[in-house]
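Here is how the chains run, residue by residue.
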Amino acid sequence: MREENARAYWAANLKLIFTYLIIWFVVSYGCGILFVDALNNIQFFGFKLGFWFAQQGSIYVFLVLIWMYAFTMNKLDRKFDVHEE
Amino acid sequence: MDVQLLTYLFVGGSFALYIGIAIWSRASSTKDFYVAGGGVSPIANGAATAADWMSAASFISMAGIIAFSGYDASVYLMGWTGGYVLLAMLLAPYLRKFGKFTVPDFIGDRYYSNVARTVAVICVIFISFTYVAGQMRGVGIVFARFLEVDVNMGVVIGMAIVFFYAVLGGMKGITYTQVAQYCVLIFAFLVPAVFLSILMTGHVLPQTGFGATVLDAAGNDTGVYLLERLDGIVQDLGFGAYTEGQKSTIDVFFIAAALMCGTAGLPHVIVRFFTVPTVRDARISAGWALLFIALLYTTAPAVGAFARTNLIETVHQTEYEELPGWFYNWENSGLIGWVDKNDDGRVQMSAGAAFKGTPTFAGDRDEVTGSHGQRVVTNEVTDNDAEVYIDRDIIVLANPEIGNLPAWVIALVAAGGVAAALSTAAGLLLVISSAVSHDLLKKTLKPDISEKQELLAARLAAVVAILIAGYFGINPPGFVAQVVAFAFGLAAASFFPVILMGIFYKRMNKEGAIAGMAVGLAFTFSYIVYFKFVSPELNSAENWLFGVSPEGIGTVGMVLNFIVAFAVSRVTAPPPEHIQHIVEDIRVPRGAGGASAH
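Chain order of the listed sequences is A and D.
So in UniProt numbering the end of the first sequence lands on 85, straight run, no missing numbers.
So in UniProt numbering the end of the second sequence lands on 598, straight run, no missing numbers.
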């Protein structure tokens, strides 16, 4: 039972990491590098959108990802009863 | 009060603070010395990580690089922040649960092999020394620029300060001084940026200011976006558009990946996450670290855009005699040089270099001057229209002067530059000393030494490391700039894959890990050495493998590491039962005690 629980917890963790890393990849390598020219045709306030993602937006998304991961994992720790005292 | 006196006051005051903290937080055990007793709060650890991470290069050079290369510099912004996402999700929490002192500790234990441990120790020492040489030089330069002492004297003063709190306080002393250093450096970076932003766009936040419309000299809105205007100005001078890249997409992609994975694999960053009490704290701490780092990293591109606009509008087509005072000051320091190619007495900017290399002068200004009072440059002149050389590093240092900001802001920037360089140097020196005293001495050569002896060895190793770093600061190897590619490339090609697989792939065994590390390292090392040292004349896109520059080759090395490690582990025996249990154990948070030696 305990082993099964640990396995389920790990699977949930991996799923979360996978989802967040896709977002991480899309905003930096996608919006900031691979599709930057296409996005630059869109105006975002005084920025070209691709340029904004490369120099500002990607960093904000990284921040949100790390904080969301920390909060979600804290909840998962409790749900699977593997949290620290 | 004049700038000189204020600078002495600010820098001296910050030093007194660091020394005070060092005395208050003396280390009394190896646990204090290596991981600050494992009791650092996640916010303090976040600030310390940020100070540790942001070096003289981040503080002084990055905004300048952005100002001169526009979009292409985005790889540094994304690369050096995106790595924290990897760190927070893939490495930090599990390494904290593992609960040892150093990175070679993890590699040696997880791969049940002293060969793996020793390879890791060598990498740690090589990566850290590469990095620290530049930091000591940075301290010296800031001293020389602002306090008018000799560069070498500056290095010695910097060594003395680091010596005091790193040797005395170990990780504990370093952590709390880094918190103070973070406050000094971020304040010093933000104040001039906010001033400039208000001046140019009326926005308080530089982050929104550089996407806003520019104000004219009277403070009225011109209705033209700053970046649009900047694109126009630089294109008129023959440069590519500021907001568009000149590098190939594939190279940018690989460099960004090497920087991200390298960041996550740098030992002095990883080790910071051993200092927090729990796994939960390790996760949150990465969030705080990136928040503190992002304050500077989202401001830097704004500073770059403001500074480039300001610089061109102030200097281009201006008569030499009419230029503001900072131009002459930095010409005196040899970081600006002007040749009047068309003999009209005005300074023209244009794409291309004004002359070959960095400026060398016929003599000081009071000895030799040209027809307009300028210092005479003796370099071989090129045949384009560019007349002026401006060193990138002056962007941040001269910004307060360019923006006509009050004297105390200039003094603050000096204190910030020193804080940035010292905090990074101290973190690296600690990693070197613990690699020697803990991983090499205690874990490999002489396992029977007492804790007291180990602590003494750690202090001695720190002393030796400081002396070597100081030597490199005073006699900088000519290749310091080139070897930065090394640090990230090697960390990406060695530590990142091996640690990652150690956590996420239970079946990975010592044969796989060692083979992977060896192949990744050897490949990356020889590629960089070949293009940077053996045949630098071939270092251009058509000769590169897949069009990847030496800066980005760590990514290829990393992929090779993964492939080789996986293949070798499939044909050799799985790791012993108890190792598989360790891996299962580090995956769940419960039961994380303090970091321990046993």
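Keep in mind that the hints were calculated from the coordinates and are not lab data.
Take these hints with a grain of salt, some might be off.
In silico lysine-lysine, DSBU-like type, Cα no more than 35 Å apart, as pairs [what the hints assert, rightly or not]:
#1 D/K506 x D/K341
#2 D/K247 x D/K532
#3 D/K506 x D/K356
#4 D/K532 x A/K15
#5 A/K75 x A/K15
#6 A/K75 x D/K506
#7 D/K341 x D/K247
#8 A/K79 x A/K15
#9 D/K247 x A/K79
Negatives, chain D to chain A, calculated, CB over 10 Å [stated by the list, open to error]:
#10 S28
#11 I65
#12 M78
#13 Y84
#14 V85
#15 G211
#16 A256
#17 L290
#18 L291
#19 A294
#20 T314
#21 E584
Ideal Cβ positions, reconstructed from N, Cα and C, are used throughout, including at glycine.
- Can you list which hints this structure breaks, lowest number first? 1, 3, 4, 9, 12, 13, 14, 15, 16, 17, 18, 19 and 21
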